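For the record, the sequence lines run as chains G and E.
Numbering of the first sequence is given in the working numbering, commencing with residue 174 and proceeding in unit increments.
Numbering of the second sequence is given in the working numbering, commencing with residue 2 and proceeding in unit increments.
Since the hints were made in silico from the structure, they are not lab data.
Predicted, not measured: the structure shown is a model, and the values here were computed from it.
Heads up, some of the hints might be wrong.
[As the list claims (entries may be wrong)] On the chain G side, residues computed to face chain E include the following (Cβ under 10 Å):
#1 284
#2 353
#3 516
#4 518
#5 532
We treat Cβ as the ideally placed atom computed from N, Cα and C, and that holds for glycine.
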Amino acid sequence: MGARWNQRVVAGTAVGAAAVLASWLGVGTARAATALSIAAVVLVAALALISSSEFRRDHPVVARAAISVAAVDVSLVVTGFFSSTVDSNLAIGAAMSIVLLGLSFLTGSSGQISIGNGAFMGVGAFTVAIWANHHATTPIAVVLLLAVVAGALVGLLLGLPATRLRGPYLAGMTLAFAVAFGAVLNLFSTWTGGDSGLQLPYAVNAPAWLVHFFQPGTSSLTTNSVWLVDVTIVTAGIALFFMANLFASRTGRAMRLVRDNDVAAELVGISLPRARVIAFTVSAAYAALGGGLWTIINNAVTPATYGFALSITILSLVVIGGIGTIPGALIGGLIYAFAASVIAWFTAHTGLNPQGNVASQLNGIIFGGLLVLTILFAPTGIAGFVRRRWAAWRSR
Amino acid sequence: MGSFLTSRNVADVLGGLTNGVIYSLVALSLVLVWRSTRILNFAQGAMAMIAAYIGFAVLAPTTNYWVSMAVAIIAGLVLGGLTERVIVRGLYGKPEINPVVAMVGFLLVLESVAAAIWSTTSRGLPTPFSIVDWQINHKPVALSPFALYEIVTAVVVMTVIALLFQFTKLGLKLRAAALAPEVSRLLGVRVGRMLTLGWMLSSGVGAVTAVLVASNYFTGLTPTTMDGVFAFGFIAAAIGGLDSPVGALVSGVSLGIILQFVGDYLNSNDIILVALGMLIVSLMVRPNGVFTRSAQRRV
């Protein structure tokens with residue numbers, strides 16, 4: 174039976190080869206065409222695997238990997254065509270989608286909510302900056318892993334009371350943490366640099382061989398902004414892959430039972446405290462990873478970024494996107510990437526004074542309003558809405 | 002005697018008491034809403050801030066202080082009622098994170114709208130009494146006529162609320178609607194109306210609090226004036242137990258005094274950290290608050 178998806182891969186690769194030929198004809202330089210060809214073959218092979226329901230059933234992990242690879246592949250190609258401004262917005266948004274994946278997991282799997290994930294982002298952001306300032310030679314991937322570990326530890330510490338708390342109490346405690354985070358940073362001001370924050374001692378640039386191979390002659394500014402967005406997207410892809418597996422794992426299923434009926438969950442032998450702490454820790458670790466990437470993208474970190482307002486923004490994004498789901502988190506990240514541009518465009522076209530009170534508050538008014546409206550009228554967010562429409566359309 | 006009253010520790014107790022009654026009022030406001038509707042009102046501080054703006058920014062600056070205060074309280078009552086009718090009503094019986102999310106969204110809307118209308122520039126409020134501390138033998142006691150006015154106001158508000166709940170028929174209906182909505186409904190209590198009234202009362206208490214906070218602190222009135230105060234008020238309410246008005250009162254005042262000592266003997270940056278630590282420890286030891294008798298949650 175396994176032969177059928179093998180055939181699909183072969184057929185898919187053939188289609189990919191056709192795309193390669195087409196791109197050689199259509200694109201100017203041989204190197205750009207090579208890049209496009211590789212991307213096309215990878216995409217077609219991944220899609221061929223995903224499209225087989227049999228394969229998805231027999232090899233769910235590989236299928237999830239294929240989905241992540243396809244998503245990353247398309248994103249990488251697309252970023253090559255955007256301006257560096259759009260690219261850096263996308264990088265910021267992709268890092269945010271990692272944070273949202275974590276919060277989505279917390280809510281989707283255990284029914285809890287956190288209003289403090291902005292502060293957990295800050296933990297990751299400052300871990301990266303502090304480590305890089307003391308050990309400039311550590312590879313950036315290792316520094317990011319350290320940020321994840323730091324976030325997980327702080328999440329575990331704050332998650333311990335969560336073992337006995339329900340909804341609003343936990344939300345209130347995370348809110349208190351978000352409000353207190355600035356004071357925590359101040360407490361260690363010799364490390365965190367006080368109000369002005371920290372600069373990275375180096376810029377994270379594209380490796381020379383890559384620049385030489387694909388884009389000889391382009392300005393280093395462009396190459397580096399593309400490189401940063403690509404690094405972020407690949408990291409987001411890896412985070413997505415792990416999250417998809419976690420959602421589907423035994424732990425993930427146990428946690429959904431905790432969310433839906435914690436008494437029943439306890440009766441079938443699931444440890445409630447353990448499930449809640451794991452969910453909280455994972456969510457904090459993901460937030461820290463997103464924050465660490467922000468430090469790399471901005472090449473600096475300031476405490477003001479990680480205030481209470483950021484935590485509320487994170488909550489808005491995940492709810493509007495669709496809380497508790499993976500697509501919802503990705504949608505939220507996309508919204509974040511382009512929200513500022515869209516609002517600026519809106520301000521420019523309605524003749525509002527861009528420096529005026531109203532224009533500077535539009536962001537809060539729109540996000541806050543959408544947050545209230547979403548939870549009242551479409552609590553499953555955009556992802557849930559699209560899914561319902563899709564199901565209705567399929568069943569016609 | 003004089004040197005005792007002007008000593009450092011007495012100054013800390015008095016200063017802490019003045020802050021503490023504010024935390025108690027915020028906590029009381031949260032408890033009123035929590036008891037009636039099982040919702041933690043994260044927008045409490047923002048709603049109070051709006052009421053204060055309506056009392057003190059919409060009216061001319063020359064308007065009498067007491068008129069402005071009355072307008073702020075009425076604005077608070079109306080805003081509380083409207084919030085319950087328009088937003089909160091759709092949230093009853095939903096998963097418990099929905100009200101949290103909705104109220105956080107409402108908080109964001111209110112603060113942004115306030116900043117859009119009145120800007121983020123701080124505005125000073127008139128004070129009806131002197132804010133200069135009394136003196137004994139040319140040394141200041143950490144208590145001013147205004148601070149005394151704050152404490153007295155807080156006591157009056159709490160007494161009025163307590164009398165209303167304990168000794169009036171309306172109070173009985175409010176308690177019945179909160180504790181046993183189904184039975185109350187059968188016995189002819191208009192439960193929906195009582196819930197609206199609970200929100201109005203809570204928001205009215207909030208309005209008084211915001212006016213006191215904005216005229217006492219050197220920060221004045223800004224759209225985010227109440228953020229920090231709300232955090233301390235919530236911590237007080239959570240430590241005392243969201244179900245217990247007495248707990249709100251006691252833990253608010255205790256928190257104010259403890260934190261004043263922390264700020265004096267350690268430094269002001271540690272205040273919020275100690276408060277957070279107290280919250281975490283208290284929630285680990287008594288998840289439902291110190292003053293709440295533990296109750297089995299219904300399945």
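Here's how the hints hold up against the structure:
1. 284: With a closest approach of 7 Å, the residue 284 of chain G hint holds.
2. 353: holds (4 Å)
3. 516: violated (12 Å)
4. 518: violated (19 Å)
5. 532: Given a least distance of 9 Å, the restraint on residue 532 of chain G holds.
When the structure is compared with the earlier hints, violations turn up for hints 3 and 4 and for no others.
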